[in-house]
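Peer 1: Residue numbers (the working numbering), protein chains in the order written: chain V, 7 to 320; chain X, 337 to 647; chain C, 2 to 438.
To be clear, the hints were calculated from the coordinates, so they are not data collected in a lab.
Note that the coordinates shown come from a computational prediction; the quantities given were computed from them, not determined experimentally.
Every residue, glycine too, gets a C-beta built ideally from N, C-alpha and C.
Treat the hints loosely; a few may be bogus.
[Unchecked claim] Here are a few chain C residues that sit away from chain V, every Cβ distance over 10 Å (derived from the structure):
#1 R34
#2 A153
#3 E164
#4 R165
#5 H264
#6 L274
#7 P283
#8 E319
[Stated by the list, open to error] To spell it out: a stretch of chain C is covered by chain V in this simulated footprint if at least three of its residues, at any positions, have a beta carbon under 8 Å from a beta carbon of chain V; those stretches are:
#9 96–106
#10 118–124
#11 135–145
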Amino acid sequence: MLRYVFTRLVQLVIITFLISVFAFLMVHLLPGDPTLAILGPNDTPAARAELLKQLGLNKPLLSQYVTWIKNVLHGNLGASFLTKQTVTNALSVALPIDLELIVVSQVVAILVAVPLALVAALRPNRLFDRVATTSTFGMLSLPTFVAGPLLVLVFAVELHWVPATGFNRLSQGLGPNLQSVILPSIALAIGSIAVYYRLLRADLIATLQEDFVTMARAKGLSTRYIMLRHVLRPSSFSLLAGAGISIGTLFTGAFVVEVLFQLPGIGFQLVQAIYSRDYLVVQGMALVAAVAFVVINFGVDFLLTLLDPRVRRA
Amino acid sequence: MPDAHRDLTLAPSEMVAAEAGTESVLALEALAPAGTRKRRLGLLFWVCAGWIGLMVLLAVLASVLPLTNPNFQNYAALNAGPSIHHLFGTDDLGRDLFSRVIFGSRVSLVIGFAPVAIGLVTGGSLGLLAGYRSGVADTVLNAFSFVILAFPALLAIMVIETFWRPVSLWKLTVMFAVVAAPQLFRVIRATTLSFAGREFVTAARTMGASTPRILMRELLPNVVPAALSFALIGVAVAVVLEGALAFLGLSVGLPTPSLGNIINEGVNNNLLQSNPYIALWPSLYIFLLLTGLNLMADRLRSHFDVREVKL
Amino acid sequence: MTPWRRRLPVAFPEVSELEGPLLEVEDLHTHFRTPRGLVRAVDGVSFSVGRGRTLGVVGESGSGKTVLTRSIMGLLPGSNVERSGTVRLSGHELTALPPAELRDVWGLQVAMVFQDPMTALNPVVRVERQITESLRLRVGLDRKGAHDTALALLTSVGIPAPERRLRNYPHELSGGMRQRVMIAIALACGPRLLLADEPTTGLDVTVQAQILDLLAAQQRERSMGMILVTHDLGVVASRTDDIVVMYAGRVVEQAATAELFAHTRMPYTEALLRSIPRLADPSHTRLRAIPGRPPDLAATPPGCRFAPRCPYVQARCEAEEPPLRSAGHGHLFRCWYPVGSTEGDEALARNLAARVPAALAFTAAPSRPDGQAPAPPEAPPPGTVAPPAPAVPAATTTPAATTPAATTPAPTPKVDSLWATSPPADSGHGPATPGAG
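Only chain V is shown next, with the shape it has when bound in the complex:
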C-alpha cells in the first residue's frame, strides 16, 4: 500500500513538471511572435527589442524557464498586459465560481441519479427501468454545448424562470446567486447523471442478489428501508467511480458553460485571454487549471483504490 502511494506521488510530480514544461514551451516554441500581438500597431523593431528585453525573452530558454518556475512557486504567475491584473488575482476571483459550479452540478446529478437508479434496480427491465435507462442514454448524446442552449431556450427565454446570462455573487444574496448558477449547473450535470445512473444501477442490481438482502427481507423489513439502509451503502462505491469518469467531461463542460452563461470563471477568463493573445495569462491559467485537473484525477484514483470494497481491509 505504501509503495503504491509512493509510486503515484512520484508520477504526480513528474506529470506536474511535464505540464509546466509544456505550458512554458507552448508559448516559446510555436510560431507566432507574442510581441507582435502585444505591441499591435505600435510594432517597430526598436519597440520589439525593448519588449523582448523587458519580458526576458532574449535569454536562453532554460534560464527563462527557471525564472518562470521560481516566480510561479512564489505565487507570481504574471499579469495580463491588457488589464494589468495579476493572474493570481484573476484566479482568486474565478476559482470560487468554478467551485460552486462543480458542487451544485454534482449535487444535482446525485439527487437525480440516485433515486432513479434505486427505483430502476428494484424492477429491472420493467417499464420504469427501460424509460430511465433510455433517457439517461440519451443524455450521453447531449454534450454541454447542446444541452446548455436548449436549457436557456426553455427556461430563460420561454419561461423566464432564470436569467440567461450573468453571475450573481453570493454576497448579493443566496437567491440571486442560485438563480444564476442553477441553469449552468444543470447543463453540467446532464453528462454526470448518465454516468452515475448507469454505474449505480448496475451495482445495485448486483448487491440485490446478495444473501444479506434476502435475510433482510426475511426479517420483514420494508423495501424502502432495505434499499436505503442496507443496499445503498455497499453500492455507493460506484458513485465514486462515476465521479472519476465524469471529471474529464466536467472540465470540458465547465469551459463551455462559463462562456455560454457569461460566468467569469477560469474557463471564461482563459478563453478571453486566448482571444486577446494575452500569453502570460494563458500560460498561468492553463498551468493552474491543468495542475488542478491532474491532482484531482490522481486524488480520485487514489481514493478509488483505497476504498475499493473488493480489497479486504486488515
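For chain V, the structure is supplied; the task is to place chains X and C on it using the hints.
Peer 2: Below, chains X and C alone, put in the same frame as chain V:
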C-alpha cells in the same frame, strides 16, 4: 460440422480443432475465439449505421449537391422559418441553415473519424504488438501514453491553438490524433493481453506460426470487436470535443461553418429569442449523430460480450 | 432514526390457544420457469409441524430443501416462480396473503436462520443494528429497549462480552459467533416457527454441537416449532422428532425419527445411512457414496426419480413413479420394492445376480486401497440399521444410545455425530450405534 477445409476464414487453431473430429459444436465453440459466435446485431444497429452513413454521404457530397452556398447572405430572407426553399430556414444574415448544417457537419465528421482512424492504425498496431510481446518498448510506450493521457485534452488543444495559428482542419486532426492514439493504444493493448494468454494462441505458436501471422490471424480478429466499440465511442468523444472547441470559437475559423460555431452564433445577440432555429438544427444533428454512435458502440459491446476494459 | 411507518401485523392467535398443528404444508409445488424448461424444485410436498416439535428435512444438494424453506415463507423472487399448494401457520393461510401482509409475518411469526452467516449478514452494518432493526421497526421498541434486548439475546445465545460484540462488524467475529448472532437475530421478535437452513454447515464439529444444542434449548424455552434442514443425517438423528427425506423435489420418506432409523423403507434413505463414515472403520476405508447424480429437475424421468441409482431398481420403477404409501404410525414412503420387505430383498438379489452396478456398489464391503478386507463385519442386513437414541418429543440433547442387548462401553455422553465407539465384536447387530447426542 462446418467444412473446415473450405472455410478459409477459420484461423489455424479452429482448423486443428475441427480436424481433431470434435463432434460437439459446443466444444468447438469453446475452443474458437469469441468473435465467431453467431448472434444478430439487431435492426437498431443497422438503422444507426445507415443513418450515420447517410450523414457521411451528405457531408462528402456537399459540394456536389444542389445546396445554397452556406455563406451566401440573402438579405431578402432574414430569419425565415423552414420552407421549401430553405429546409431549415435562414439565420439572421440570411444564410441557408440547411446547407450550413451540412457543410458544418463536414468538419465534425472529419475530426470525428480521421483522428480515430489514425489512432487505430498507429496506436492500435502498437498496442497489438505491445500486448502480445511485453518488453522494454511496451513499458516505454505505456509510460508515454500515461503521460499524454494525464493532460486535460481540451486545455492542451486550446493552449496549443493559441500559438499555432491559424487553426486549420489538418492541424486539428493532428492534435486530436495525438490525443486519440494513446487511448487506443491502451485499449488494444489491454484487449490483446487478455487474449494472448488463451489456448488458441499457444496452439498456433506450437504449430510454428510466426509473430505477424499470430497477430494477424489469431489476435486481430478477436481484438477488432472490442476495438471497434471503443473506436466508435472515440469518434463520439472527438465530435463532442470539436463541438466544444467550435462553440468557444477555437475551432476552424469562420467563414467555414462548424456545427459548434453555428450553435454559438445561435446563442449570441438574443438570437435564441428571435430565431431559435439557428441553434436548434445543429443541436439536433449532433444529438442524432452521437446517439447513433453510442447505440452502435453499445450494441457492439454487448454483442461481442466485451467487458469494460480496464485501462 | 427516521420514523418508518409501521404496519399493524396480521393478528395471530396466542400460541397457547393453539389446537391443531403449528405449520401445515399441503401439496406444495414450487416451479421455476427457466430457458431450459420448467424446473420443478419442490414437487408436491406435504407435512406438518407441531408446536414445540422439530422436523428434520434431509436431502442432497439439489433435492429442493432450501427452496422448500424459502417457499414456505414465501421468500422467492417474484417473476419466474410458480407456487401452488397451501401453507398454513396456526391456521392462517400464508399462501393466500398479499405481499404486504406476508411481510408482517416474516420475523414476527416465522424466522429463518440462513446457511452462511458470512454472506447473510450485511458486511458494512454493525451487529447491533442488524439485531435491533427488527426490534425497533417490527416490535416498536425504543433505542434503549432494543439495545438491552439485543444484549440479552446475545447472552442467551452464548456470546461472551456481548457489549463489545454489538459494536463489531460481521467479519470481526468467528464463524461460530456469527452463526450465534444469526440465531439471535432470528429469535429477536419471538417467532413461533423457526426455519433453520443448514445452520451448521461449514462450522467445526464441536461448534456444530454447540449450535445445535443452542437451537434445541431456545426451542424448548420458547415452545417454538422448528424445521431443521440439512444434508447431514447425524444432525437429525438425535435432535428431531420427525424426519422428511427429500429427493429431486419429492418427499421420498417421512416418519418419526426413531421409526425412520429403525425401519427404513426407502432405499435412498438406507443408502444415505450407509454412506455415513464410521469412526470404527479402519483408516483408509473407502466411503460408500451413492453412485450417480440427482436428476435434472427440468426434465424429470417418468418413473421413480431415484431409479438410476437404486440398488433395488426393477423395471416397474423406471416406468411408474411410486406414490407415497403408508407403513403405519404415520410412516410414509415412496417405493415399489421397499427395504426390509420380501419384494425388496428379492429385487436386490436379482440385481446382484444380474450384476447391476448400483447393487454391486451397495453390497460391496468398503475396502482399503491395499486390498485388505476390513476387520469387523460391515454391511448390515438391509433394513436393520441399529437405531440411534430415540428422540425425545421436545428435542433435548439425548443421552448416549445403546444397542439393545449390546455390551458396549458406558454410554458416551453428548457425542454430536455418528462417530461411534468401537463395535462390540460379538454383537450380531452390526456396527455400534450411530452416535448419540
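Peer 1: Each hint should be assessed against the structure and marked as holding or not.
Peer 2: Evaluated hints:
1. R34: holds (15 Å)
2. A153: holds (18 Å)
3. E164: holds (23 Å)
4. R165: Check passes; 19 Å lies beyond 10 Å.
5. H264: holds (36 Å)
6. L274: Holds, since 31 Å exceeds 10 Å.
7. P283: holds (41 Å)
8. E319: Answer for E319/C: holds, closest chain V Cβ roughly 38 Å.
9. 96–106: holds (count 3)
10. 118–124: Held - the region 118–124 of chain C has 5 residues with a Cβ nearer than 8 Å to chain V, which meets the minimum of three.
11. 135–145: holds (count 3)
The earlier numbered hints are all upheld by this structure, with none contradicted.
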